[in-house]
Each structure stands twice: as C-alpha cells, then as structure tokens.
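Participant: Using the hints, position chain S against chain U.
Listed in order, the protein sequences are those of chains U and S.
Be aware that the first sequence starts at 2, since it is given in our numbering, and climbs by one per residue.
Be aware that the second sequence starts at 2, since it is given in our numbering, and climbs by one per residue.
You may find that some hints are simply not true.
Since the list can't tell identical chains apart, any single copy or any two copies may satisfy a pair.
With a straight-line cut-off of 25 Å between C-alpha atoms, the simulated DMTMM-like cross-links for lysine to aspartate or glutamate are [what the hints assert, rightly or not]:
| # | residue 1 | residue 2 |
| --- | --- | --- |
| 1 | Lys-352 | Glu-324 |
| 2 | Lys-434 | Glu-232 |
| 3 | Lys-382 | Asp-406 |
| 4 | Lys-229 | Glu-42 |
| 5 | Lys-229 | Glu-250 |
| 6 | Lys-229 | Asp-383 |
Quick caveat, the hints were computed from the structure, so don't treat them as lab data.
Protein chains: 2
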Amino acid sequence: MEILGKQFVDGKRLAASVTPFFSRDAATGETLPYEFFPATETEISAAATAAATAFRSYRATGLEERAVFLEAIAAELDASGDAFISIVMRESGLPEPRIRGERLRTSNQLRLFATVVRRGDFLGPRIDTALPDRQPLPRPDIRQYRIAVGPVAVFGAGNFPLAFSVAGGDTASALAAGCPVVVKAHSGHPVTSELVARAIVRAADRTGMPAGVFGMLFGDNSGAPLVKNPEIKSVAFTGSLRGGRALSEIAASRPEPIPVFAEMSSVNPVILLPGAVQERGNAIASTLAASVTLGAGQFCTNPGLIIGIAGEAFEQFCHQLAEEMKNRPPAIMLTRAILNNYQEGSARLAKIPGMEMLTGTSTAPDRAAARLFRAAPELLKDSNHPLEEEVFGPATVLVAVKNSDELLEVISVLNGQLTASLFAAGSDGAVCKPLMEALETRVGRVILNDVPTGVEVCDAMVHGGPFPATSDSRSTSVGTLAIDRFLRPVCFQGYPDHLLPEALQDANPLGLRRFVNGTWSEAPIDR
Amino acid sequence: MEILGKQFVDGKRLAASVTPFFSRDAATGETLPYEFFPATETEISAAATAAATAFRSYRATGLEERAVFLEAIAAELDASGDAFISIVMRESGLPEPRIRGERLRTSNQLRLFATVVRRGDFLGPRIDTALPDRQPLPRPDIRQYRIAVGPVAVFGAGNFPLAFSVAGGDTASALAAGCPVVVKAHSGHPVTSELVARAIVRAADRTGMPAGVFGMLFGDNSGAPLVKNPEIKSVAFTGSLRGGRALSEIAASRPEPIPVFAEMSSVNPVILLPGAVQERGNAIASTLAASVTLGAGQFCTNPGLIIGIAGEAFEQFCHQLAEEMKNRPPAIMLTRAILNNYQEGSARLAKIPGMEMLTGTSTAPDRAAARLFRAAPELLKDSNHPLEEEVFGPATVLVAVKNSDELLEVISVLNGQLTASLFAAGSDGAVCKPLMEALETRVGRVILNDVPTGVEVCDAMVHGGPFPATSDSRSTSVGTLAIDRFLRPVCFQGYPDHLLPEALQDANPLGLRRFVNGTWSEAPIDR
Numbered sequence: 002m003e004i005l006g007k008q009f010v011d012g013k014r015l016a017a018s019v020t021p022f023f024s025r026d027a028a029t030g031e032t033l034p035y036e037f038f039p040a041t042e043t044e045i046s047a048a049a050t051a052a053a054t055a056f057r058s059y060r061a062t063g064l065e066e067r068a069v070f071l072e073a074i075a076a077e078l079d080a081s082g083d084a085f086i087s088i089v090m091r092e093s094g095l096p097e098p099r100i101r102g103e104r105l106r107t108s109n110q111l112r113l114f115a116t117v118v119r120r121g122d123f124l125g126p127r128i129d130t131a132l133p134d135r136q137p138l139p140r141p142d143i144r145q146y147r148i149a150v151g152p153v154a155v156f157g158a159g160n161f162p163l164a165f166s167v168a169g170g171d172t173a174s175a176l177a178a179g180c181p182v183v184v185k186a187h188s189g190h191p192v193t194s195e196l197v198a199r200a201i202v203r204a205a206d207r208t209g210m211p212a213g214v215f216g217m218l219f220g221d222n223s224g225a226p227l228v229k230n231p232e233i234k235s236v237a238f239t240g241s242l243r244g245g246r247a248l249s250e251i252a253a254s255r256p257e258p259i260p261v262f263a264e265m266s267s268v269n270p271v272i273l274l275p276g277a278v279q280e281r282g283n284a285i286a287s288t289l290a291a292s293v294t295l296g297a298g299q300f301c302t303n304p305g306l307i308i309g310i311a312g313e314a315f316e317q318f319c320h321q322l323a324e325e326m327k328n329r330p331p332a333i334m335l336t337r338a339i340l341n342n343y344q345e346g347s348a349r350l351a352k353i354p355g356m357e358m359l360t361g362t363s364t365a366p367d368r369a370a371a372r373l374f375r376a377a378p379e380l381l382k383d384s385n386h387p388l389e390e391e392v393f394g395p396a397t398v399l400v401a402v403k404n405s406d407e408l409l410e411v412i413s414v415l416n417g418q419l420t421a422s423l424f425a426a427g428s429d430g431a432v433c434k435p436l437m438e439a440l441e442t443r444v445g446r447v448i449l450n451d452v453p454t455g456v457e458v459c460d461a462m463v464h465g466g467p468f469p470a471t472s473d474s475r476s477t478s479v480g481t482l483a484i485d486r487f488l489r490p491v492c493f494q495g496y497p498d499h500l501l502p503e504a505l506q507d508a509n510p511l512g513l514r515r516f517v518n519g520t521w522s523e524a525p526i527d528r
Numbered sequence: 002m003e004i005l006g007k008q009f010v011d012g013k014r015l016a017a018s019v020t021p022f023f024s025r026d027a028a029t030g031e032t033l034p035y036e037f038f039p040a041t042e043t044e045i046s047a048a049a050t051a052a053a054t055a056f057r058s059y060r061a062t063g064l065e066e067r068a069v070f071l072e073a074i075a076a077e078l079d080a081s082g083d084a085f086i087s088i089v090m091r092e093s094g095l096p097e098p099r100i101r102g103e104r105l106r107t108s109n110q111l112r113l114f115a116t117v118v119r120r121g122d123f124l125g126p127r128i129d130t131a132l133p134d135r136q137p138l139p140r141p142d143i144r145q146y147r148i149a150v151g152p153v154a155v156f157g158a159g160n161f162p163l164a165f166s167v168a169g170g171d172t173a174s175a176l177a178a179g180c181p182v183v184v185k186a187h188s189g190h191p192v193t194s195e196l197v198a199r200a201i202v203r204a205a206d207r208t209g210m211p212a213g214v215f216g217m218l219f220g221d222n223s224g225a226p227l228v229k230n231p232e233i234k235s236v237a238f239t240g241s242l243r244g245g246r247a248l249s250e251i252a253a254s255r256p257e258p259i260p261v262f263a264e265m266s267s268v269n270p271v272i273l274l275p276g277a278v279q280e281r282g283n284a285i286a287s288t289l290a291a292s293v294t295l296g297a298g299q300f301c302t303n304p305g306l307i308i309g310i311a312g313e314a315f316e317q318f319c320h321q322l323a324e325e326m327k328n329r330p331p332a333i334m335l336t337r338a339i340l341n342n343y344q345e346g347s348a349r350l351a352k353i354p355g356m357e358m359l360t361g362t363s364t365a366p367d368r369a370a371a372r373l374f375r376a377a378p379e380l381l382k383d384s385n386h387p388l389e390e391e392v393f394g395p396a397t398v399l400v401a402v403k404n405s406d407e408l409l410e411v412i413s414v415l416n417g418q419l420t421a422s423l424f425a426a427g428s429d430g431a432v433c434k435p436l437m438e439a440l441e442t443r444v445g446r447v448i449l450n451d452v453p454t455g456v457e458v459c460d461a462m463v464h465g466g467p468f469p470a471t472s473d474s475r476s477t478s479v480g481t482l483a484i485d486r487f488l489r490p491v492c493f494q495g496y497p498d499h500l501l502p503e504a505l506q507d508a509n510p511l512g513l514r515r516f517v518n519g520t521w522s523e524a525p526i527d528r
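Here chain U stands alone, though its shape is the one from the complex (with noise of 0.2 Å):
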C-alpha cells in the first residue's frame, strides 16, 4: 500500500516540510511504516485558495450533479478493500465489525444527503410576489432562497475515523450544501485519512467537480492557520471542550469572525426512576454496562453520570452493575494520548471528595479498565459542575438522589448535554413529565428506556445541545438538518425571472416545496 502522506491541495500532492510524523498501531503504540508531512503556512493556504476557487463553480452544480458526486463517494469508500479496513483498524484499535459497520454507516450517511440534495427544501424557497396596487405603498416582488456559505473547515474526529472523519457527516453535509471542504486530518489515523481522501478525489474526478472542491492537510499545527485563512467561512469540529473553545476564539477574533459548529464535551446523564430500577434494574445495569465499556467508552454519547434515587432498590443496581463491569476486560484505545487521559481523567475523579472508585483497578498499563464510581449526592449541586467534566473512555459515575425533588432540582442546573436518558415504569407515574420537560431544555436529545449510544442518522436526528456539548445548540451534527450549519439566506428584489435562479423561478422547474405568499405550494406562479 503506497502511502504518499503529503497534503491534498487542488488536486495535486504537496508536501514542502521534511520532518514527517508518523501512523501509529493503536494497540501496541509502534511506529508504522507511514510518514506524513505536516502541511506548511504555503501549502495551507493553498488548499483554502484552491477550496475558494472552487467555490464559485461548485456552489452553482445543479442537484442531481451534486448528488451523483456525493454518491460516487460513497461507491469508493464501500468498495475500499480488505487492506483498508486492516489499517483502519490497527491505527483505531477498533474491531473489524466496528469498523465495516462504520464504513456502511459513513457511505449511507453520503447517501441520504445525496436524497437531501435531490429533494431540495434545503434550499428553503419563499416568494412574496408583488402587490402593485397595495396602499399606502406597492409590495415589490421578493424572493429567497439559502446559498452555501463558502468553504468549510473540517477537522476530522479520532473516534470515528470513518463516520466523523474525512468523509464523515460534516463533510457529507457541507458538500451536500455546496461548500467546498478543507480537512484536517486526525493524527490518530492518517493512513486512514489518506486512504478516504483519496476516495473523495477520486468520486471528483470522476464527476467532474472542481480539484479544489477537496483538500486535506496532515499536521496538528494546520488546524489554526486554516481557521484563520480569510477564505474559509466555517468550521465544523469534533472533539475536546478545550479544542472547541481555542477554535472557537481564533474565529471569532478574526478580522472577519465565522461560525465554529464545535461538539465538545457532555456526560450524557442517566436518570432511573424507582419502578424501573424495582422492575428490571438487572437489565438496565446489563445494558448500561455495555453501554459505557462500547468501543472503550470512547463515544460523545457515553453514559458517565447516572443519577437514581435513594433506596435498596437502586443499591442493588449499584451492585448490579459493579459487577457487571468488573466482568468487561480492559480495553485498547485510540491513541497513547487518550489512554493517558483517560488514565489522569480517572485519577482525576478519584481524587474529588466525596468520591469513591467501586471498580476499575486496571492490571494492564496498556490498556484502558471499565470503571464504576460512587459520588456524594453534594457533588451534583457543586457549581463547579465536578460530575460533568467528561472523561473520555469506559468511566462512569453513580450518584443517589433523596427525592424525585431533589432529582427536578439537580437536573435544572445541570450542564448543557447532548443526550439525556430516562429510565421510567409504569409505577413512576406523574414525575415522568415534568423530568422530561426539565431535561428537554438541557439537551439535545432526551431518550425514554434506552441508552444513549448509538446516534441514528435521519431526518429527526439532534446531536447537539446547549453548551458544553456544543459552541452552538440551534444545530446538529448528525441526521440531515447537519446542513443548515453551512446555508446561509439570501433574498432578491424586483427580478424578471430569468434572472432569477431555478429553485425561485416561476415555473418551479425544481418541483420544489415553496412557501408562497403565505402558503405551502408545489404549484408554479402565474405573473
């Protein structure tokens, strides 16, 4: 496997630095027989030149031109071969299944934004024809419609080194608006990276877009020269609150500021109800250990706060699930970096009074062990929020409330999340309502009797929330209204129709949904 490890810019290969970095097996932590040159000031530039030039024609290819592109994409990546799915898995850690699973879901996420393209309402068409005789003063004729922003900047996530990495949602998303996108590519996977890249220019050879519709830049220092680049209008990142907060204030502190679409940090809490826990809290604990150790933990939407209420019945779950977790083996991680986090994440918590390690006493250095904590209910009401740092790996922490008041009460101070659960029988009756309408104000996505891994990708889809989870809660990450991050609304004033562009044109020849004077209608206008 022939691995050039230089930058993608315009089509080409450029790599100028000499001092390369290289892949990395994730289980073992050797060096791997790939190098990768860290993109220079020039090259970075290059590609948001080359993405801005491309702009111009790619933000005008029609529809179906758009969606062949976007499905030509995912052709490539799902006939990639044994031997990447070999080295996707030696630079993740992640196990074969995961990873085919992974890839299904990465091209079928290119493939629904491709049926989001061809239906069109993103382009939200509304028309207010004119009323020449209106008094005091005549309406003109005003059209809008929503255009893509420009070029985006997307840094690939490193725990999902297909679905949320170079051909992830945000680059489905932005492509499937018609921004070009430049990423950065996660130094956790950079064969992988390299690998998808090429499938991505290859499907836009293929079709015919523009070179610079694509580019990607390896190097941990590319990620803030390309945020400031003055052709890049956006952002979409993956990962620490810390990264999130760092790009999100170099783009804010440009000359021209542009939005940063951050998913950052949450603890996804896990609210149990006492008749649930009474009438199946076995299975919950069975579930919830699965849940937290999934994929080593190393999921946005892991459980790592669960909040029940006081009592032998919840006791028996804490014990329940100690057990449980004891039971799963220590487990390889996606990089030293992460494992070391989590090992000082752990620590970390450990150390907060009030707190208590139930399991987790790891044997094996270099691998990461599940495990359970028990915090003092106070912790939950410390405004410094200590239950909500997230600690990125297989972790999780008990808490017992006294009362469903104090569970009301804990959950309207809780941190922006995006996710929370609730666990509810029958028996539990009345409070259920008034948790879910305090939760639905917390989070992005509230879930009745199931965990929160496993974010499916659809039309009613939220992953995002309030802050922390997210820099900005009016958007998603996942499903299809991932597109909005990258449109932008744009009217037009007085135009004779063939002025105008199709999705505004009289005629309709989109066959678009419009909102028409005050009315939805698929119908052409007669002016």
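Facilitator: Okay, now just chain S, sitting in the frame of chain U:
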C-alpha cells in the same frame, strides 16, 4: 404624561440609583422634563432572573395563547394616542407621517408573527418512526421539533424608535419563539421606550402572561451586565459595528458563550450599468437622492456607495445627483451624538486622499447637510476598504470604474453588506447575470432597479448578510425567518405518544405539516 423612568422588572417598576439622565428634544438638544434612572446591577440581575422564571411557563404557552398576546401588544400600540406620537417625534426628530407609518409597521409586524405562531411551521417537526425489524439493528422512534432557547436580551436601536426598538422585530420574533425578552432601552428615546414597554406590560397582563415575560432596563451601562448574566441565552442588537463587536466579545467570553445577532454596518452598494444610466440617468439620480436623504439617511440600508462605469453618461448622472442633493435641506438627526458622528465621519471621508466632496458644505450647525463625495477608483481596491466604512447619515460616495470586468473584480472583494442594488437596462445584457451571482455572495438582499431603503416585512425578506453587515449571516432581523434565531432543535427517542409534545403526537393535534419518514405530511401517524 406621567413617566416614572424606572426599570421594568417582573411586573414592578424599580429604580435604586439616584442620578438620572434626561430625555432630550432631538431638534434642539434641550432637556425634556422626564428623568430616567440607570439600572443597578441588582435590577439587571432581577430582570434576567424574572425572565428565566417566566421562561418555564411562557415557553409552554399554547400557540393560540401566544398569538393572542402578540396581537394584544399590537392593539395596545395602535391605541396609543396623539400624545404618544408627539413625544416620539420630539425624541427622534422624525416627522409625523414617518412615526405613524412606523407604528403601523410595528403593530403589523407583531400581527405577522402571530400568524407565524398560529401556523406552527416554526416548530419544524421531523418524525422518523420506529423500524423494529430493521437489520442489523432496529431503528428507534425519533421525533424532533424546535424549542425556545431562553431569555433574550434585546438592544433597542436609535434609528427606528418603534420598529427596531422595545416592541420591534427582535422582541416580536423572540416572544413568538417562546422566549421572554429583557430590553436595554435606547437612551435616545427613553420616553418612547417607557410608553411602549407599558403597552407590552398591559398586553401581558390582559392575556395572562407571566410578569417576567418582558423586562426593560434604562442606562447605557446596563447592556454589558445584561449580556453577561447567565440567565440570558441570546442577544439581538441593531447598531454600530463597534457596539456589535463589543457585545459579541462579551457573549463569547462568558463561561457559557451565547449567540449574538448583531446587525451592524453596511454601505449598501448601488451598481449603475451604462444602459440604465443612458436610458434614465436623471430618474435614477432623483430616486437615489431621495433614498440617500430619506429620514436624514439614518437607515441601515442607506445607499452609501454608488459605482458606475466611466463615461459621459455617468458624468452627466453625477452632475444630476449633485444638483438633486444640493436642493435637499439639512436635516434634524436623532441625537446630538449621531449628528456629531455624522460630521466627524464626513470629515474623515473628505480627508481620504483621492476623495473629493461635491456637495454638502453645511451652514446649519444643528443639522445634517446631504453630502456627495467622489472617490478615485483605486480606493475600491484598497484592502482597508475605506469606502465601506459606514458614515451614518445623508451621505454617499460616487466612484467610476473602467468597465464591466473591473466592476466584477471590485464586487468580488467587497465586504459583506446588507444589500446591493443593480440598475440595468435591456441594453446592458449579458453582464447582469455574473454581476448578480457575484453580488449574491456578498450580501443578504440583491435589488434590481430600485434603491435599498424600504425593507418589506414579509416571509421572503432577508435583512442580514456576511460580516460586517451582521455578526451571523445565517439569520435575518426583519421578516418571519427572524424567529429562527431564537429556536433550537431537540429530539425525543422512544417516547410513548402521551409523553410527546403536541407537535409530535401521532394524531397531529396541531394540524402541522410534518416531515415524516422522508415525506411531508399533515396526516396522523398510524403506529
């Protein structure tokens, strides 16, 4: 007319500070006998807390109930008497027809948002029903809608004492979304602000809204602490670039950063093609002179830059425009501070090398003379964008470029703007399309053969645009799409029907158009 000059906090009037400021007559600068007490930190905090408390019940109001509240505010405004009109005129220096028209625009805007609320589309319902038999994994039932973000801080603007102030578009759209509002009253029209606030409070009382749904604070130092208050979740502002950037920085540096929708700075370029100038240069000159001087030029959409193509016809047009502007009488401005800024801004323009003032030597020190400048074309390419620094008032700058290629070139490097106007005739032919495409990427609204002043309040309006026109190009502050600023999506997974919000229940009790399993439908769901 009894004016208390105290804050509006949770249905009470509070003022603990002792040093008042006074309302002033715009025309004379003289102090009027109405005193206002700047809000104290305690009062600011109390208003935000009251808004947060009110949020819990207000966000849950039914659509009809909320629409009736908006209509009640409109009715209160419409019922305000002649004394009200007089004091608004006195504080703003604006003429009676303008104030009466603006009042009607403001109440109609509230009524338009009532129809938006009743229609319910803003709830954005998206439903993916469960697929229990899907392989390899079942799909859970997931349902998304949009909820209000929380209390909104609204900064009243000086130039529209009614339509962009206490009960203006920002307040109307935030209340429509389900967000309580705390207004920072503009110090240029405090009596107007108090009277409008009282109208809102009466409407809230009459329709049974929680007292904290509306609050208002006096004093220019109340803005920053209001934006810093943790209960405030979004900010809407119309004003200067400096003011908007300052608020954006405060909001971004909060422990929980929040969005700021600031509408700031735009020179609204007007492009004149030779055919149009040849055909009807004199008429265009009259129209533009009227637009530049309308309301003493105190509009965000004032045309501050006129670009033509060099030649005899354009010179004749310039001559004509200068004649038209000479005949405009010097005008009263909103406040002394705004007048001073206008004089300073004009002087700054006049001093730019390559700039010449054609008309506008004023003889009335208390009035703003209409000023016409002519700039060397090189200034359009200056990377400091000297011609794009807004001079708020009745001034505009003429500049001629060589040909349509140069025109395209200068347009592509323009800063973001609220609007651009293109005057073209049939004989200008093929150049229109590329020009319009280039303008579309720089602005929120492109206007053909008309001036930018006059912003229609409708579904299709975009009063927004790339930075520095606004701080968030994905939004509009005029028109029904403005409600989107104050909503965020949330989804529910695995809910039984009775725990879902009405918008998402199977029976579709609100009769909404919903996106169900990839198709738009108003039908109930059979599960």
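Participant: Is it within, between, both, or neither for Lys-229 and Glu-250, if the alpha carbons may be no more than 25 Å apart?
Facilitator: both (10 Å within a copy, 17 Å between copies)
Participant: As a check of your reading, is Lys-382 near Asp-406 (CA-CA no more than 25 Å) within one copy, between copies, both or neither?
Facilitator: within (14 Å within a copy, 64 Å between copies)
Participant: If the cutoff is 25 Å on CA atoms, where do Lys-434 and Glu-232 land: within, between, both or neither? Let me know, please.
Facilitator: The answer is between: 23 Å across copies meets 25 Å, while 48 Å in one copy does not.
Participant: Between copies, within a copy, both or neither: which fits Lys-229 and Glu-42 at Cα up to 25 Å?
Facilitator: Answer is within; shortest intra-copy Cα gap is 11 Å, inter-copy 37 Å.
Participant: Using 25 Å as the alpha carbon limit, work out where Lys-352 and Glu-324 are close: within a copy, between copies, both or neither.
Facilitator: Cα proximity of Lys-352 and Glu-324: one copy only (23 Å, versus 79 Å across).
Participant: Go through the copies and call it for Lys-229 and Asp-383: within, between, both or neither, with a Cα cutoff of 25 Å.
Facilitator: between (37 Å within a copy, 21 Å between copies)
When each numbered hint is compared with the structure, no violation occurs for any of them.
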